[in-house]
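Peer 1: Okay, here's what each chain looks like letter by letter:
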Amino acid sequence: MDVALARTPLYDWHVARNARMVDFAGWSMPVQYSSIVEEHKATRSAVGVFDISHMGRLRFDGEGAAKFLDRLLTRRVVGLGRGLIRYSLVTNEAGGILDDVLVYHQADVRNKPFHLLVVNASNRAKIVAWIERHLTDADGVTFRDQTVATAMIAVQGPQALNALQPLVDVRLGDMQYYTGQASQIAGHAGIVSRTGYTGEDGCELIVAAESAAAVVERLFAEGEAFGVRPAGLGARDTLRLEAAMPLYGHELSEAIDPFQAGLGFAVHLTDRDFIGSAALRELQERPNRVQRVGLELSSKRVPREHYPVLANGHAVGEITSGTFSPTLERPIAMAYVQPNAADVGVELAVDIRGRAEAARVVPLPFYKRLRI
Amino acid sequence: MNPDELLFAETHEWAKVVDEDGAKVATVGISAFAVEQLTDLVYMELPSVGTAVEAGREFGEVESVKAVSPLYSPVTGEIIAVNTSLPDSLETLNADPYNAGWIIKVKLTNESSLAKLLDYAAYQKQCAEEG
Numbered sequence: 000m001d002v003a004l005a006r007t008p009l010y011d012w013h014v015a016r017n018a019r020m021v022d023f024a025g026w027s028m029p030v031q032y033s034s035i036v037e038e039h040k041a042t043r044s045a046v047g048v049f050d051i052s053h054m055g056r057l058r059f060d061g062e063g064a065a066k067f068l069d070r071l072l073t074r075r076v077v078g079l080g081r082g083l084i085r086y087s088l089v090t091n092e093a094g095g096i097l098d099d100v101l102v103y104h105q106a107d108v109r110n111k112p113f114h115l116l117v118v119n120a121s122n123r124a125k126i127v128a129w130i131e132r133h134l135t136d137a138d139g140v141t142f143r144d145q146t147v148a149t150a151m152i153a154v155q156g157p158q159a160l161n162a163l164q165p166l167v168d169v170r171l172g173d174m175q176y177y178t179g180q181a182s183q184i185a186g187h188a189g190i191v192s193r194t195g196y197t198g199e200d201g202c203e204l205i206v207a208a209e210s211a212a213a214v215v216e217r218l219f220a221e222g223e224a225f226g227v228r229p230a231g232l233g234a235r236d237t238l239r240l241e242a243a244m245p246l247y248g249h250e251l252s253e254a255i256d257p258f259q260a261g262l263g264f265a266v267h268l269t270d271r272d273f274i275g276s277a278a279l280r281e282l283q284e285r286p287n288r289v290q291r292v293g294l295e296l297s298s299k300r301v302p303r304e305h306y307p308v309l310a311n312g313h314a315v316g317e318i319t320s321g322t323f324s325p326t327l328e329r330p331i332a333m334a335y336v337q338p339n340a341a342d343v344g345v346e347l348a349v350d351i352r353g354r355a356e357a358a359r360v361v362p363l364p365f366y367k368r369l370r371i
Numbered sequence: 000m001n002p003d004e005l006l007f008a009e010t011h012e013w014a015k016v017v018d019e020d021g022a023k024v025a026t027v028g029i030s031a032f033a034v035e036q037l038t039d040l041v042y043m044e045l046p047s048v049g050t051a052v053e054a055g056r057e058f059g060e061v062e063s064v065k066a067v068s069p070l071y072s073p074v075t076g077e078i079i080a081v082n083t084s085l086p087d088s089l090e091t092l093n094a095d096p097y098n099a100g101w102i103i104k105v106k107l108t109n110e111s112s113l114a115k116l117l118d119y120a121a122y123q124k125q126c127a128e129e130g
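Residue numbers (numbering that gives the first Met the number 0), protein chains in the order written: chain P, 0 to 371; chain G, 0 to 130.
Read the hints as simulated data drawn from the structure, not as lab findings. Each residue gets a CB set at the ideal place from its N, CA and C atoms; glycine is no exception. The hints are all genuine.
Below are the EDC-like pairs computed for lysine to aspartate or glutamate, each with C-alpha atoms no more than 20 Å apart in a straight line:
| hint | chain 1 | residue 1 | chain 2 | residue 2 |
| --- | --- | --- | --- | --- |
| 1 | G | K65 | P | D350 |
| 2 | G | K124 | G | E35 |
| 3 | P | K299 | G | D87 |
| 4 | G | K15 | G | E110 |
| 5 | P | K299 | G | E60 |
| 6 | G | K115 | G | E53 |
| 7 | G | K65 | G | E44 |
| 8 | G | K106 | G | E77 |
| 9 | G | K104 | G | E4 |
| 10 | G | K104 | G | D18 |
| 11 | P | K40 | P | D200 |
| 12 | G | K65 | G | E90 |
| 13 | G | K65 | G | E35 |
| 14 | G | K65 | P | E328 |
| 15 | G | K65 | P | D236 |
| 16 | G | K115 | G | E128 |
| 17 | P | K40 | G | E90 |
| 18 | P | K299 | G | E44 |
| 19 | P | K111 | P | D60 |
| 20 | P | K299 | P | E346 |
| 21 | P | K66 | P | D138 |
| 22 | G | K23 | G | E77 |
| 23 | G | K65 | P | E37 |
| 24 | G | K23 | G | E110 |
| 25 | G | K65 | P | E317 |
| 26 | P | K66 | P | D272 |
| 27 | G | K65 | P | D22 |
| 28 | P | K299 | P | E328 |
| 29 | G | K15 | G | D3 |
| 30 | G | K65 | P | E304 |
| 31 | P | K111 | P | D138 |
| 32 | G | K124 | G | E9 |
| 33 | P | K299 | G | E90 |
| 34 | G | K65 | P | E295 |
| 35 | G | K65 | P | E356 |
| 36 | P | K111 | P | E62 |
| 37 | G | K115 | G | E57 |
Between beta-carbon pairs, the in silico distance windows are:
| hint | chain 1 | residue 1 | chain 2 | residue 2 | range |
| --- | --- | --- | --- | --- | --- |
| 38 | G | K124 | P | D107 | 46 to 56 Å |
| 39 | G | P69 | P | E209 | 41 to 51 Å |
| 40 | G | E77 | P | S297 | 31 to 41 Å |
Generate coordinates for the entire structure from the input sequences, incorporating the hints supplied.
Peer 2: If you want it as structure tokens, here you go:
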């Protein structure tokens, strides 16, 4: 028997737009509305709107919130300025990655500070359990899982700020990247952040679940002139892959540590301790471990997850994500390979269903937007 | 060709069988439903003329942005023609899956597998159930 899938507050909206709905981490989510390539290109050239309400939103109130999160995250949270957002990791004692997250330091309408953790849908139950395991009354923290009570919408693309500006009372152009602010959004209280998972400029919105449909309707009405299009998880995946952003369950797992994943920038080890920090200090110095690379292929056959990566006919690694890049019009992939096969320019091959196809190690990301 | 003149495999390939010089020849393609489900096709790998194919066995593959799907032969025989222009114009499969979008022609060596194929009405019912 199928287990009933969770529905986001925008479920009916997706169905009304003929979305193809799929099971993603227990949620019924739109994988595409028209075509992955069309939605991908709309996001690169205009605006794509994504329902990302399935992602976990965990709120921390109380005096001890920053200190508590500082113990759980690889990046410093104590001292994180109001309004700032940081990409961070949650690691276990061995330094393996439990999740990659965004941590927000926000103030509510009464100017009361709180922290918000946005976690992967697939890891939400695990991270909630991890938090509950480590949280004690002495921490002075009130923890609430607000995932179901809220909705989250990503508005991404070169025209995203223009399309969204009429809905909000903050000046989006004045906001720095990786900052967030409380705002009215189409008349509903929410949070606007300059964040995203596509490699484009844009924002993510958090509003109450019951406001989500009205916000999206208004966004499509105001944004029509800017080419606003709904985009599904299919395009979200090809966009993030071109931008070389790791995806938990593919590039990230408990068997991978942040340095192998190329995420050392998100690990602050100086003058602090957190869960996993002792192990990470050692791992940082340990050579000869597989590491994340980008591969480009000249054939049209697409490398998929788990396909072996070969050097001179011998396996040196494995594909973690692969697709046909709509922007570059060739197959691209991320893989973990032995360090002697990881240098940019190295010629490798991917075993695609029994046939070796030439591949080359290329710099990441595959796609970088022009910043004007 | 109209789809109601064709036979369909459960795996979404179609076949049109005609008599040619005393032999039975099947033209083979994939259904409009399959093309719509695949979407964003990027690559197709086809066999060469002279290859033996067997009903229910893979004869090629079609790659979309999201996934790769095998092409299964609905018939048993020997390939006598391949639509070699198709991999460079995959949009043909969207525009005209039952005519210009043909994939291979097979000279049948065994007709017994034809009985397992569905007519269009039965195939449409299957597609409706798959959603």
